[in-house]
Every structure is written in structure tokens, then in C-alpha cells.
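Using the sequences provided together with the hints, build the complete structure.
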Amino acid sequence: MNTNTLRDEFLAQYKPIADALIEKHALSVTLHDLSQVSGFTEAFIVAIAQSDLHAKTLKDITSRILDDLKLPHNIEGENSSKWCLMDAGHLVVNILSKEGNEYYRLDSLWGDAPAKHFEDEENKL
1 MNTNTLRDEF LAQYKPIADA LIEKHALSVT LHDLSQVSGF TEAFIVAIAQ
51 SDLHAKTLKD ITSRILDDLK LPHNIEGENS SKWCLMDAGH LVVNILSKEG
101 NEYYRLDSLW GDAPAKHFED EENKL
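Numbering follows our numbering, in which position 17 of the sequence shown is assigned residue number 17; successive positions increment by one, without gaps.
Below, simulated EDC-like cross-link-like pairs (lysine to aspartate or glutamate); rule was C-alpha separation at most 16 Å, straight line: (1) K82 with E99; (2) K56 with E76; (3) K15 with D120; (4) K116 with D8; (5) K24 with D52; (6) K116 with E42; (7) K59 with E23; (8) K56 with E23.
In case anyone wonders, no lab produced these hints; they're calculated from the structure. Since this is a predicted model, take the numbers as computed values, not measurements.
Shown next, in the form of C-alpha cells:
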């Protein structure tokens, strides 16, 4: 994972979503700036849930934020215990279980992109 500094305007736009996920105790959240390395999206968020019920909570809060921002979005894997993907076009939010994170290793896909990692200090991995 490339920890190059994210552009201020990029961070300002997407950090509120990362903050909300951490506030709801996601184990970790990584915000990737894919604007220079991907043609399909600008921002890619990976959040790790503690349990299936916790993943639903993270999905619900993210969906509410996207609705508040008037960003239409599709949800894939809504009932999956490993991975839920929320596609809002220029933003993709991934909510994974610990096992799903270990299996899919999404953060490693974008090693060339600038990223910022956030952790719930109460529940560090």
C-alpha cells in the first residue's frame, strides 16, 4: 500500500465516510485515491467489520451517507458474510469480514495509488 499523501481536496471529499466507518468501530478503513491509476472509479474504500451484524451496521451507515450526499449506489453481496461492495460510480466502498479481507486482499490491488489508513483505536487489528 502506497501511503503517499492524499490530495487535500480528495481527502476532504471522502474522509467523512471513512470517519463514520471508524466511528461505528470498523477495525480498519483504508481510503485509496485511484484517480490516476484506474478508469472505473476515483475513490476506493476498504473497511473491515468485526462480525456479520457489524458489517450490516457499516453498510447501513454508508448507505445513509451516500443517500444524504445524493449519490445513487448499487449494493453487491449485501447478504454475504465476507464482502459487500457499494458502488456509487466515482466511489466504491468495500465492507469485508476479517476472513474476507485476508482472502481478497483488496488493499494490495492498489499498491501504486496514494492511500490513507484509519484504525479504530479501541479495536486495533
